[in-house]
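Visitor: As a plain string of letters, each chain reads:
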Amino acid sequence: MNIHIKNGRLIDPHNKIDAKQDVFIVDKRIAAIGTAPQGFVAEQVIDASGMIVMPGLVDVAARLREPGYEYRATLESEMEAAMAGGVTSLSCPPDTDPPLDEPGLVEMLKHRARSLNRARVFPVGALTYGLKGAELTEMIELTEAGCKAFGQADAPLTDTRVLLRAMQYAATFGYRVWLRPQDSFLAKNGVAHDGEVATRLGLPPIPVVAETTALATILQLAQETGVKLHICRISSAAGVELIRTAKRQGLAVTCDVSMNHVHLTEMDIGFFDANCHLAPPLRSQRDKAALRAGLLDGTIDAICSDHSPVDEDAKQMPFAEAEAGATGMELLLPLVLKWAEEDKVSLPDALMRVTINPAQLLGVKTGHLSVGAHADVCVFDPNATWKVAPTALKSQGKNTPFNGYTVQGRVRHTIVEGHVAYSI
Amino acid sequence: MNNPQLNKHGELQHLLSTEGLPARILRDILDKAGEFVNVAEGREIRKVPLLHGKSVFNIFFENSTRTRTTFEIAAKKLSADVVNLNIGSSSTSKGETLLDTVDNLCAMHADMFVVRHSTSGAAHLIAAHVAPDIHVINAGDGRHAHPTQALLDMFTIRHYKKEFHNLRVAIVGDVLHSRVARSQIHALTTLGVPEVRVVAPKTLLPTHVEKLGVRVYHDMEQGLKDVDVVMMLRLQNERMQGALLPSAQEYFKYYGLTQERLAQARSDAIVMHPGPMNRGVEIDSSVADGAQSVILPQVTFGIAVRMAVMSTLAGGKQ
Numbered sequence: 063m064n065i066h067i068k069n070g071r072l073i074d075p076h077n078k079i080d081a082k083q084d085v086f087i088v089d090k091r092i093a094a095i096g097t098a099p100q101g102f103v104a105e106q107v108i109d110a111s112g113m114i115v116m117p118g119l120v121d122v123a124a125r126l127r128e129p130g131y132e133y134r135a136t137l138e139s140e141m142e143a144a145m146a147g148g149v150t151s152l153s154c155p156p157d158t159d160p161p162l163d164e165p166g167l168v169e170m171l172k173h174r175a176r177s178l179n180r181a182r183v184f185p186v187g188a189l190t191y192g193l194k195g196a197e198l199t200e201m202i203e204l205t206e207a208g209c210k211a212f213g214q215a216d217a218p219l220t221d222t223r224v225l226l227r228a229m230q231y232a233a234t235f236g237y238r239v240w241l242r243p244q245d246s247f248l249a250k251n252g253v254a255h256d257g258e259v260a261t262r263l264g265l266p267p268i269p270v271v272a273e274t275t276a277l278a279t280i281l282q283l284a285q286e287t288g289v290k291l292h293i294c295r296i297s298s299a300a301g302v303e304l305i306r307t308a309k310r311q312g313l314a315v316t317c318d319v320s321m322n323h324v325h326l327t328e329m330d331i332g333f334f335d336a337n338c339h340l341a342p343p344l345r346s347q348r349d350k351a352a353l354r355a356g357l358l359d360g361t362i363d364a365i366c367s368d369h370s371p372v373d374e375d376a377k378q379m380p381f382a383e384a385e386a387g388a389t390g391m392e393l394l395l396p397l398v399l400k401w402a403e404e405d406k407v408s409l410p411d412a413l414m415r416v417t418i419n420p421a422q423l424l425g426v427k428t429g430h431l432s433v434g435a436h437a438d439v440c441v442f443d444p445n446a447t448w449k450v451a452p453t454a455l456k457s458q459g460k461n462t463p464f465n466g467y468t469v470q471g472r473v474r475h476t477i478v479e480g481h482v483a484y485s486i
Numbered sequence: 059m060n061n062p063q064l065n066k067h068g069e070l071q072h073l074l075s076t077e078g079l080p081a082r083i084l085r086d087i088l089d090k091a092g093e094f095v096n097v098a099e100g101r102e103i104r105k106v107p108l109l110h111g112k113s114v115f116n117i118f119f120e121n122s123t124r125t126r127t128t129f130e131i132a133a134k135k136l137s138a139d140v141v142n143l144n145i146g147s148s149s150t151s152k153g154e155t156l157l158d159t160v161d162n163l164c165a166m167h168a169d170m171f172v173v174r175h176s177t178s179g180a181a182h183l184i185a186a187h188v189a190p191d192i193h194v195i196n197a198g199d200g201r202h203a204h205p206t207q208a209l210l211d212m213f214t215i216r217h218y219k220k221e222f223h224n225l226r227v228a229i230v231g232d233v234l235h236s237r238v239a240r241s242q243i244h245a246l247t248t249l250g251v252p253e254v255r256v257v258a259p260k261t262l263l264p265t266h267v268e269k270l271g272v273r274v275y276h277d278m279e280q281g282l283k284d285v286d287v288v289m290m291l292r293l294q295n296e297r298m299q300g301a302l303l304p305s306a307q308e309y310f311k312y313y314g315l316t317q318e319r320l321a322q323a324r325s326d327a328i329v330m331h332p333g334p335m336n337r338g339v340e341i342d343s344s345v346a347d348g349a350q351s352v353i354l355p356q357v358t359f360g361i362a363v364r365m366a367v368m369s370t371l372a373g374g375k376q
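One line per chain: the protein sequences are A and B, in this order.
Each residue of the first sequence is one higher than the one before, counting from 63 in the working numbering.
Each residue of the second sequence is one higher than the one before, counting from 59 in the working numbering.
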């Protein structure tokens, strides 16, 4: 379809554009920026006056819960959530049931996602069969089926020799390995940061060393194998420092943080608020400040939603028994804007963390609006405020620590591959 | 953040923790318990009609004989109707959630729940869920809190020491896993005890225990030096060996309360224990049965304190 997005403020961090520019879409691609291409006839005109036009968001961690956990969420519900959040590309972790360890499962997921014609789905394949940490998956087959990286989601990989072999094998073919660093012994039974709040509330703790000992091991093995490494959901000041040092030493490593950890700390648990039961756990004020500093200096490349819809029954439990995770795709943009405002980050710099940076570390061609690129566009009203509430969310998961917050920034139009998939 | 234990008039609605309660409320409970004990010291605890017509449900998701029994006696002395439910941890695996269980009991017109659960925060969850005219008493949740135990300990201390503001108190043992210790620490600091110590090896202390306002000792003799009150904690059987401690024998050798070690404390120091005791593990029999032990009076006071808590919540005026 030929679409003319006019009068908006275009922000495209990759192309260093922040200016009032019109966007012209022909068929599935960006045809021109600024002036219409010759002979262009708009079939649809979007008036973006007062709005910001940006590449569709790229979210590197969104659980869609299919296959296996359809009672928590379905592809249909979560794709609607993605559209409402302006997310046009996402990668989903392999911790489905069964896990994404067979090419057939990945093909099915990709096919189902494509047929819905919403966000592009880039699965992270299981690094080991059944995420059991023992046998390598068929990474070549899985890549051909559509996997963009390989990881363990939150499942432990305690056998360091298997981890070394997995990295060596992935490095052979240039595949990406994505890991969330957590030592499963140190984190055993833990549900909250080993800090003041866990001490007070008597919650089984997860110490920072659970992250840093695992991270140090992973970084050393990556150095040894030369694998393309991505660290998922860094949560601690000490963890950020390890990555900063590794990057300074020239290691090919990227890193993301969840928006929850950019905004919340252990104090938000209050009196056992199970919505704040997250993995990794919310840490101290000092850790939060270090994560923000890591974002500013580029140690942390991307912000993700860590979207993990949980059904209501699984949250209506005592804190430790409640399932970890929070819904988030619809909050990613407003919470990135909130961070930008609080830390005085320019909009292009902030939006880079949810567009081109995650696209590049994922190895996909989206996340920018260059001429000829996929026409994946998000148009949002930066001044619109809305209140986060279960009824305001499209996701089947209504659990979020931000319930009741008033946030700023509302997606008005989401365009995927040249068709308007969402408009309000 | 609203304190979930208080209603909008600042009165006690639920007793979930000793943390965050004003000293006034704690003192009122101790005073009220004192009136019941005076009755008790006439060798006969008079039955009073303060909770007449009310239904108290003791729901214990974790086994307990002593605590449940003292709650039951306390409720009956207040003329309440008492229902005991030992639900055990298996009921959730049968498919019924904690809140389903609570909803069912609410439908049976419960006025008050006394809840014990193995997971921290269970009582808070129930309190947040029930109708505003229902009261919840936390009888122990995970490692978090056991407020009535702490209050009866405070009552015992006040009974023997009269004041709080001039005391040194040592809490000895497995603070890490102890809901009793957490509740004791909050109650002691709220009531104005200037020096609260914890004494244990590092493996039995929470990482940030000093943030609770206590002084940390790893040496038993130093920790007991010149204290007025020694509060022992129970060491669970399953923690006596493994990665926390090498053996019960070695624990007793360095942290067991013997007469010799007790001599470090003030000569009029009292020795307390929430029970059940492991003789020869955390405490020597000669101390447990000795002149400074107030362990059995603690149990007796426990009934009066629980009567005071229940009548404060639901009893109106005496």
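Derived from the structure by calculation, the hints contain no laboratory data.
Since this is a predicted model, take the numbers as computed values, not measurements.
One or more hints might be untrue.
Stated by the list, open to error - Just the calculated beta-carbon pair ranges, DEER-fashion:
1) A:Thr222 <-> B:Gly250: 48 to 54 Å
2) B:His266 <-> A:Gly166: 33 to 39 Å
3) B:Gly271 <-> A:Tyr191: 48 to 54 Å
Claimed, not checked - With the C-beta cut set under 8 Å, the calculated list includes, among others, these residues of chain A facing chain B:
4) Tyr231
5) Thr261
6) Arg262
7) Leu263
8) Gly264
9) Phe333
10) Gln458
To be verified - In the SDA-like style, the derived pairs of lysine to any residue whose C-alpha atoms are separated by at most 25 Å in a straight line are:
11) B:Lys260 <-> A:Asp245
12) A:Lys449 <-> A:Pro266
13) A:Lys250 <-> B:Thr265
14) A:Lys250 <-> B:Lys219
15) B:Lys134 <-> B:Thr155
16) B:Lys260 <-> A:Gly236
17) B:Lys269 <-> A:Lys449
18) B:Lys219 <-> B:Gly300
19) A:Lys194 <-> A:Glu138
We put the CB at the ideal spot given by N, CA and C, even for glycine.
Visitor: Indicate, hint by hint, whether the structure satisfies it.
Guide: Hints and how they fare:
1. A:Thr222 <-> B:Gly250: 48 to 54 Å: holds (53 Å)
2. B:His266 <-> A:Gly166: 33 to 39 Å: With Cβ atoms ~49 Å apart, the hint is violated.
3. B:Gly271 <-> A:Tyr191: 48 to 54 Å: Cβ of B:Gly271 to Cβ of A:Tyr191: about 50 Å, so the range 48 to 54 Å holds.
4. Tyr231: Check failed: Cβ of A:Tyr231 comes no nearer than 34 Å to chain B, outside 8 Å.
5. Thr261: Cβ of A:Thr261 sits 4 Å from chain B, so the hint holds.
6. Arg262: holds (7 Å)
7. Leu263: This interface hint holds because 6 Å falls under the 8 Å limit.
8. Gly264: Since chain B brings a Cβ to about 3 Å from A:Gly264, closer than 8 Å, the hint holds.
9. Phe333: holds (5 Å)
10. Gln458: violated (19 Å)
11. B:Lys260 <-> A:Asp245: holds (21 Å)
12. A:Lys449 <-> A:Pro266: violated (33 Å)
13. A:Lys250 <-> B:Thr265: holds (16 Å)
14. A:Lys250 <-> B:Lys219: violated (43 Å)
15. B:Lys134 <-> B:Thr155: Distance ~29 Å between B:Lys134 and B:Thr155 Cα, so the pair is violated.
16. B:Lys260 <-> A:Gly236: violated (46 Å)
17. B:Lys269 <-> A:Lys449: Not OK: B:Lys269 and A:Lys449 at ~35 Å, beyond 25 Å, violated.
18. B:Lys219 <-> B:Gly300: violated (39 Å)
19. A:Lys194 <-> A:Glu138: violated (29 Å)
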